[in-house]
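Engineer: Single-letter residue listing:
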Amino acid sequence: MGDPIIVVTNLIKQFGRFAALRGVSASFDAGRLYAVLGDNGAGKTTLLRALAGLTLPTRGTVSVLGNPKLREVCRELGYMAHPSLLYDEMSGMENLRYFAKLYGIEDEARCADAIRAVALDPELSRPVGQYSQGMRQRMSLARALLNDPSILLLDEPFSNVDIRSAREMVALLAKMRNAGKTIFVVTHQALLLDGVADEFVWMEAGVIVARTAHFEPVEAR
Amino acid sequence: MSTVPPGVTRATLIKDLRLEWRSKDAINSMLFFALLVVVVFSFSFDPDAEESRQIAGGLVWVAFLFASVVALNQTWARELRNAVMDAYRVSPAPANSLFLAKAVGNFIFVCILEALMTPLFIIFYKLRALGPAWQLIPVALLGTWALVVNGTFFAAMSLRTRSREIMLPLLLFPISIPAILAMVNATTVILLGGEGPDTSAKFWIVLLGAYDVVFTTGCLLLFETVLNAE
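Protein chains in written order, with the working numbering: chain A, 1 to 221; chain B, 222 to 451.
Since the hints were derived computationally from the structure, they do not count as laboratory data.
Backbone N, C-alpha and C fix where the C-beta goes; we use that ideal spot for every residue, glycine too.
Residues on chain B that point at chain A, a partial pick, calculated with CB under 7 Å:
#	residue
1	Leu240
2	Asn303
3	Asp307
4	Ala308
Not the full set, but computed from the structure, chain A residues with beta-carbon under 8 Å of chain B:
#	residue
5	Ala52
6	Gly53
7	Leu54
8	Cys74
9	Arg75
10	Leu77
11	Ala81
12	Pro83
13	Ser84
14	Leu85
15	Tyr87
16	Phe99
17	Lys101
18	Leu102
19	Arg143
Sequences and hints are given; from them, build the entire structure.
Structural biologist: Rendered as structure tokens:
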């Protein structure tokens, strides 16, 4: 196994008097799919936002690709949040065309490829606001894939998605992991990733309490 | 302060213009608000031509100021919907490009409002400039930029506050006082044609220019901090 791609050291994040992360220390290897699990309020989303550079640590450090300045490695990150991060009034292609410009991508074919990769039609002219929840989630994943990042941070990608679409998304994630990408999936639907994820990271009250190779329900641990 | 790549600024501006063209949220609310102000003021006062010239500078700019606040409040609202701002923040695009695009977008919207409302003001208040009317153009452009550059900045600052509609005028109006003073005095001087306390609008135009340079620089320097504030 090579050098870890992400190293988190004693990460603490406080919102006022509430500590969402209470000293998380962990390292994650490249080319693996991590499922981050835990109850609501366990700190999963805050950890993901800290890895994406969207939340500044109160204390501790996050280092991605050996660089603690996340702004400098943001081209290597793809982030999908619980909300869609898309403009409802624009079509999928218009959205992606705009976000491509933010990454300096001028080639429109890359936008169309990203949309096709999530099994949507780039020609669809309907605004995203009129998409079904499943389509919106997939378009949101397409946006995260646009810059061909080596690390994907996905927050609840399967929520409100029908089981068939969710399985299709899991298959796509497995394919991307096999292609060498490192993927973090925060989810409450861990069973979908059983047999696909390389590691299950369990969080509780702002700390990582266990890391298992297989999905083991809380009662079994 | 990071540099501002024109490609990102242009793309963001075009995206904002496209969204506004489709929704017409800002333009419609500004227009109706300004129209109401013109009508209400015209019923409240019944000035003759001379009185009109004395008070028009203040009336016009107060109407534009209040109307632009309505639009400024909506500037960032669509970035909050679906947390789209986070998509911008995780990208390598600099914060200043976003700010500049928003400010230029608001400038265009407020200029459209002014272009549509000025003829109504002229009709309702029987206005005619006795001084060099062309000077109203730099006053309008520099004054509008003064309003929108600070307005865009403070709208971003009050974005995460619970009562941001109230917060924006509370922050914006006090800091805009020098600019408003310059706009009103310059307009009054031009309308009166040298009969006022100051005989030239040039001083006020220069003051507006200096105000714009100082506050545009300040906003560009500080916007990254505002964007990434939690």
